[in-house]
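**Q** Residues per chain are reported as follows:
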Amino acid sequence: AQTIHQWPVAEIKAVGSPLSLGCTIKGKSSPNLYWYWQATGGTLQQLFYSITVGQVESVVQLNLSASRPKDDQFILSTEKLLLSHSGFYLCAWSIDWTNTGQLYFGEGSKLTVL
Amino acid sequence: GDSVTQKEGLVTLTEGLPVMLNCTYQTIYSNAFLFWYVHYLNESPRLLLKSSTDNKRTEHQGFHATLHKSSSSFHLQKSSAQLSDSALYYCALSESSNTNKVVFGTGTRLQVLP
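Chains as they are written, first to last, in my numbering: chain A, 1 to 114; chain B, 1001 to 1114.
Rather than coming from a laboratory, the hints here were simulated on the basis of the structure. All C-beta atoms in this analysis are idealised placements derived from N, C-alpha and C, irrespective of residue type, glycine included. Each hint should be verified, as a subset may be incorrect.
Below, a list of computed lysine-lysine pairs in the DSSO-like style, where the Cα atoms sit at most 30 Å apart [unchecked claim]:
(1) B:1101 with A:80
(2) A:28 with B:1007
(3) B:1056 with A:110
(4) B:1101 with A:26
(5) A:28 with B:1101
(6) A:110 with A:70
(7) B:1101 with A:110
(8) B:1056 with B:1101
(9) A:13 with A:70
(10) B:1050 with A:110
(11) A:70 with B:1007
(12) A:26 with A:110
(13) A:26 with B:1050
(14) B:1007 with B:1056
According to the in silico footprint, chain A covers these stretches of chain B (three or more CB under 8 Å from chain A) [unchecked claim]:
(15) 1087-1094
(16) 1100-1114
Given only the sequences and the hints, what does the whole structure look like? Please build it.
**A** Have a look at this one:
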C-alpha cells in the first residue's frame, strides 16, 4: 500500500526566515507529485507539480519554490517567509498523467508566520 | 481560466434528510473531469467521487453525482444524511485526464444535526 508522509506537522516561523517542508511517498514508483496551499478559510490552491525527478512546474508562485531531488521526495521551500505564507500545506500524489484529478493527500503541514 | 463554484459555504440539515451540495464549473475543455473530495476534521482530504461520461451517475459510499455538461454542473447528493457525513466537501475540476492542473472550489461545510 502507498503511504505519504509530510514533515513537519506544524511550524511557527518569523517573517524573513527560511522554510523547508517535505513530503515522502512510499510504495509507488514515479508518482505525479503536487503541493497545495490552503489559507485559513480558503480553498485548496495548487502551487507546483512534478512528474519526474528534477522536473517541477509552477502553477502559482507565491514566492515559494519546489524541488524533487528523489523519485519519492518533494520539497517546498523559500529563503524569506512572508506573513501571507501562513496556512496549511498539503502534498499529494496521483498515479500518473492519466489520473491527475485523483489525488491522494498527505496529512499536511500547518505554517504560522509571525 | 478554469473555475469551480460552490455557492454554499455551509449547509446545515437534520439527520435523515436528503443532502444536495451544489457545484458548477467553467472550462473550455470538453473532456474535463469533475471530482468530489471530502475532508473530515483532523484527516487529509480524500477522493469521494469522480465523474463519468455526460449524464451518467456515479456513486460511492451512499453519495452520488451526475455530470451535466449542458448546465456545467456536478452536484453531490445523498438520500439520507448521517451524523458522520459532517465534513468539508470540495468540488474539483481536472481539465482532462492528462494535465496536471486540478482546480478546487471553495468548499461546502456540511453540518448534520441529530
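**Q** Quick one: which hint numbers does this structure break? Sort them smallest to largest.
**A** 2, 3 and 11
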